[in-house]
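Number of protein chains: 2
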Amino acid sequence: MKCKKCGATAVINMRQHKLALCQDCYLEWVPERVQRTIEKSHMFSPNERVMVAVSGGKDSLSLWDILLRLGYEADGLYIKVGVLDGDYSEISQRKVEQFAAARGAHFDVVDLAAECGLTVPQVARLKRGRSICSTCGLVKRHEMNRVACDGDYAALATGHNLDDEAAVLFQNALNWATGYLARQAPVLPASHPRLARKVKPLIRLYEREMAAYALLRGIDYIYQECPYAKGATTLFYKDLLNQLEERSPGAKQRFYLSFLQARREGRLLPAAARDVDLGECTRCGQPTTAPGLCAFCRLWDTKKKH
Amino acid sequence: MKCKKCGATAVINMRQHKLALCQDCYLEWVPERVQRTIEKSHMFSPNERVMVAVSGGKDSLSLWDILLRLGYEADGLYIKVGVLDGDYSEISQRKVEQFAAARGAHFDVVDLAAECGLTVPQVARLKRGRSICSTCGLVKRHEMNRVACDGDYAALATGHNLDDEAAVLFQNALNWATGYLARQAPVLPASHPRLARKVKPLIRLYEREMAAYALLRGIDYIYQECPYAKGATTLFYKDLLNQLEERSPGAKQRFYLSFLQARREGRLLPAAARDVDLGECTRCGQPTTAPGLCAFCRLWDTKKKH
Chain X
1 MKCKKCGATA VINMRQHKLA LCQDCYLEWV PERVQRTIEK SHMFSPNERV MVAVSGGKDS
61 LSLWDILLRL GYEADGLYIK VGVLDGDYSE ISQRKVEQFA AARGAHFDVV DLAAECGLTV
121 PQVARLKRGR SICSTCGLVK RHEMNRVACD GDYAALATGH NLDDEAAVLF QNALNWATGY
181 LARQAPVLPA SHPRLARKVK PLIRLYEREM AAYALLRGID YIYQECPYAK GATTLFYKDL
241 LNQLEERSPG AKQRFYLSFL QARREGRLLP AAARDVDLGE CTRCGQPTTA PGLCAFCRLW
301 DTKKKH
Chain D
1 MKCKKCGATA VINMRQHKLA LCQDCYLEWV PERVQRTIEK SHMFSPNERV MVAVSGGKDS
61 LSLWDILLRL GYEADGLYIK VGVLDGDYSE ISQRKVEQFA AARGAHFDVV DLAAECGLTV
121 PQVARLKRGR SICSTCGLVK RHEMNRVACD GDYAALATGH NLDDEAAVLF QNALNWATGY
181 LARQAPVLPA SHPRLARKVK PLIRLYEREM AAYALLRGID YIYQECPYAK GATTLFYKDL
241 LNQLEERSPG AKQRFYLSFL QARREGRLLP AAARDVDLGE CTRCGQPTTA PGLCAFCRLW
301 DTKKKH
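Chains X and D supply the protein sequences, listed in that same order.
Oh and the first sequence: position 243 is 243 in this note's numbering, straight run, nothing missing.
Oh and the second sequence: position 72 is 72 in this note's numbering, straight run, nothing missing.
Honestly, the hints are just simulated from the structure, not real lab data.
Using N, Cα and C, we set each Cβ at its ideal position, and we do this for glycine too.
Just to be clear, a hint being listed does not mean it is correct.
Unchecked claim - Partner residues are not named here, just some residues of chain X that face chain D (Cβ under 8 Å, in silico):
(1) W176
(2) F259
(3) G292
Unchecked claim - Have a look at the derived ranges for each label pair, beta carbon to beta carbon:
(4) Q98/D x G266/X: 34 to 44 Å
(5) R36/D x G266/X: 29 to 39 Å
(6) P189/X x L188/D: 38 to 48 Å
Please take these sequences and the hints and turn them into a complete structure.
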């Protein structure tokens, strides 16, 4: 198969885009697609500083790589949640360090155990009814937002790809969780002075495409899934969506993009579903929908009780 | 496993309802569930006449059986679309005849080839871009509505079960087809003098539950799927939903019922999505969204051109 752009031997065939590309053209095509997404969704402008949440995996390191290649001032943020099984957190952090060192890029580290006294698995164990994965999500969202606001970054970028977003959308559609459906977006504006703008520049790239990018760019990332993600519902939904994609190439993308379109055109969800009342946490000052303490601060109160 | 109601040996275990039942209790439970659905959705009242669209399959014959057992005045309607492969239409019709004869029930037959000159597969072949299945759906909807209106029936009941509805919902959600999402309902009111009220009394019963009902009631139905349904997208969606159900019993029901709830509560779809302008077909007088002829009448115009 030949590259559709230059006629050289293709290294990837993307049935969903009816497009085959060689290595060089592919490594240009991906950043171009990201740049178009950034512009189309008004994520951030060339003169704004961006913080990239990096886990050491293929998506977040590739996103950082792409933003740097596109000329953005992009710093990294690694949150060490303390997954000890097989030294998962240690290995991930090393991948981030090596990546940054090779590019002379700057990154911050939040070490949760050092700052709060417990790792995510430890604090999750104290909190009945909260899974490790949902605790990890809560902690990361809180800390990413704090560092992005404190550092005056214009936007906080995460490496969610199309498969990630489609799986979350699938989960929310299965329960018709209209509150979540209203808020799942490529850009979440900073609707509060202590809330960072959140952007997802990879939403138009399949997981497979990101894996190919990391591989062809020689990015050294952590291959293993987090040990706690095993058997996760999200992975099950991804598998169902992959079956759909296999039968009908492009189905995953159509599912996600037609959702965004229907909502944008006002054909989905009444206006009322879009508004959320935000207060401020009485301890950390971060915005919260709960009265009093935010969910993050309540998490550490559990610790004190024990 | 024991029957949860009477302690006898159970013949069916429904993980989705956490309920195991013996044959006698199951054959009572199914009509009770249908009766509750009829009342809850205000489908029809005991003194109203109902027309049941029967195909000869397990769902429609079971529905007819249940309505007769519940004491409703329910007549059948068989539409002979003319699927000749393996005498499919002939065999189906015979199942309907035997069922009606055994119960002294009344039914009408619409023979499409006799009335319009062509079978569904024949007319579909003349119409480029229209599949046999979609042509069949169009023809059946038109003729069911005509007979139900002409016969002054209060409602037209079809045997769509939970799996059918969930698969259609899944298809519409995958494309965020908000127009279809607005109209998929257990009851479609007669919003026009020439439009019959359409009701689906089996929407709270799984396909597997209906198969068990037909089997245990000794209903002789046509087992084969229509030969044209092979490889149909709906069957593929049903398979995906079955994988979901296998992992999380009740998921299919939650998907469908939480959709109805979100829409009922006004959390889904803006008000505008619910209104459709209806005109009247200049030939048959049936309501249509198209100007001039309705889709059914245009179908037979194609025939004349050839």
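Okay, the hints, checked on the actual structure:
1. W176: holds, 4 Å
2. F259: With Cβ-Cβ at 5 Å, under 8 Å, it holds.
3. G292: violated, 27 Å
4. Q98/D x G266/X: 34 to 44 Å: Violated, at about 53 Å.
5. R36/D x G266/X: 29 to 39 Å: holds, 36 Å
6. P189/X x L188/D: 38 to 48 Å: 40 Å Cβ-Cβ, so the 38 to 48 Å window holds.
Consistency with the previously given hints fails for numbers 3, 4, ordered from lowest to highest.
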